[in-house]
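Just so you know, the protein sequences line up as chains A and B, in that order.
Residue numbers 1 to 289, in the working numbering, belong to the letters of the first sequence in order.
Residue numbers 1 to 233, in the working numbering, belong to the letters of the second sequence in order.
Derived by calculation from the structure, the hints in this document are not laboratory data.
You may find that some hints are simply not true.
[Stated by the list, open to error] Straight-line Cα separation of at most 30 Å, DSSO-like style, residue types lysine-lysine; simulated pairs:
hint, chain 1, residue 1, chain 2, residue 2
1, B, 68, A, 160
2, A, 172, B, 5
3, B, 153, A, 160
4, A, 172, B, 153
5, B, 68, B, 5
6, A, 160, B, 124
7, B, 115, A, 160
8, B, 218, A, 172
9, B, 5, B, 52
Source: prediction; values computed, not measured.
So the chains spell out like this:
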Amino acid sequence: MLQQLVNGLVLGSIYALIALGYTMVYGVLQLINFAHGEIYMAGAFLGLYLTVSLKLPFPVAFVLAMAGAALIGVTVERIAYRPLRRSPRLAVLISAIGMSIFLQNLSLYLNGPATRGFLPPFKVYPIRIGEIKTSSLEVIILVVAILLMVGLQYLIRRTKIGKAMRATALDKETAALMGINVDRIISYTFAIGSSLGAAAGVLVGMYLNAVDPMMGLMPGLKGFVAAVLGGIGNIPGAMAGGLILGTAEVFGVAFMRSEWRDAIAFAILIVVLLIKPSGILGQNTQEKV
Amino acid sequence: MLVIKNLETHYGNIRALKGISLEIKKGEIVTLIGANGAGKTTTLKTISGLIKPTRGTITYEGQEISGKAPDAIVQMGISQVPEGRRVFTRLTVLENLEMGAYARRDQEIGQDMDKVFGLFPILKERQRQPAGTLSGGEQQMLAIGRALMARPKLLLLDEPSMGLAPLIVRTIFNIIQNINAQGTTILLVEQNAHLALSVADRGYVLETGQVQLADEAKKLLNDPRVRKAYLGD
Ligand SMILES: Nc1ncnc2c1ncn2[C@@H]1O[C@H](COP(=O)(O)OP(=O)(O)O)[C@@H](O)[C@H]1O
Ligand SMILES: [Mg+2]
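Input sequences plus hints: build the corresponding full structure.
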């Protein structure tokens, strides 16, 4: 039981990191960035090349992979979403799906279709605490994910940029009247969300020792489910949603057949949409007039 | 200080402003009155850069500002208190005020915060509360305080009396006069014509996107056309 819980939290912290990107972008633009799974994939490739090919020290490579993915995320917004800011939702949705397919194909072209191994550039030890078997890599994943989430929470709650992001998410027109450059805040949002997705990509790439151009598809969908589960647009919700989804999946696989793993996430999505579409932490968005 | 000439603004094909001209001199309270849908809010949004005009000029302290981005206009010293208050409901009162000072880089933000708390002591008591939990009157005070945090030279107010009890409206209008007395020029948009004209130096009457009358506020108060259309005579 405890073993499953640990595995669930490790998986869940990954889902949470991915979910944050969806939820932050949704918060400011009411847009599902379907290219987010591909940002995660791009992060994994960047991490792979920076550590294995360029042999950079891992922390440096990790930060650079996050920065590179941030740049990709900002560019995606610039070319695929910003020109459609005043267009119908459907047009933006199609643009998002198109961007996702484009990035997959670009990656296929640049990296080839084969799965690459991504051995962690540091030694991984098995760790045993009582009944629980884990590894130093799992501990690193959990700690890094938690640090990033705490850092994000600090940024959003305490810094001027974070407050401007929240103000922009609530009311873009009034935010502009405060002297906030709304386009710039939207770029920051994409940058931060993308860098968290890339962090998840690098961690998973090493954890599974596998990186490939289609790797963003399923985690992208799971991250989206986690964001909806927590209440899309809600940052603590995305964190909670990720952890719940990861844990549910691990327990589900333990008690059912492992082929049902992916079905569990989508069953959760359907149940949430039927029972509480605003998610477990979603507020009613009604504002005082 | 602000000179608007032949301003036209469209929403798609709808021509909301049909060539309005007006002028605000430093230190004045100028009011823009008119019925619902006359184009008052559109005028303020065009000044603030939220909508681009299709024709005409807006000159502020000798500089053309139409076409500039809203954040650039705020930095030049024009702040707006939007219609319906539009406080950031899930930010605290303090955070709302901080957002008002977003474009500033100087060291005197704290001082101005104290000034705002001096004008509206209730905001100081409520500073840790989410703005959405404030009453309508308190939200209006917050919206005004937030705009003042930008240290504007010209303050645009869009229907500050809307939906508020008469006693609170009185308080807010006293404070508006107080703000003006301390040197801030004011453009006051109102549907409550009597109230607006009683505090303003000059007024413009807007009807379906055009300026119908422009005069000293005292004269407009006694103008039979204004009395008939807006003061219920
Ligand atoms: N976002 C909008 N889209 C289309 N038409 C609008 C929009 N906002 C205002 N209008 C129209 O522009 C005209 C002026 O509106 P507005 O400036 O809000 O008037 P007021 O503030 O004087 O009540 C009205 O006819 C209104 O219907
Ligand atoms: Mg209006």
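Verification of the hints:
1. B:68 - A:160: Satisfied, since the Cα-Cα distance of roughly 24 Å is no more than 30 Å.
2. A:172 - B:5: 28 Å, holds
3. B:153 - A:160: Holds, at about 24 Å.
4. A:172 - B:153: 23 Å, holds
5. B:68 - B:5: 16 Å, holds
6. A:160 - B:124: 20 Å, holds
7. B:115 - A:160: With Cα atoms ~21 Å apart, residue 115 of chain B and residue 160 of chain A stay inside 30 Å; holds.
8. B:218 - A:172: Given that 30 Å is the threshold and the Cα spacing comes to 38 Å, the pair is violated.
9. B:5 - B:52: Holds. Residue 5 of chain B to residue 52 of chain B sits at ~14 Å (cutoff 30 Å).
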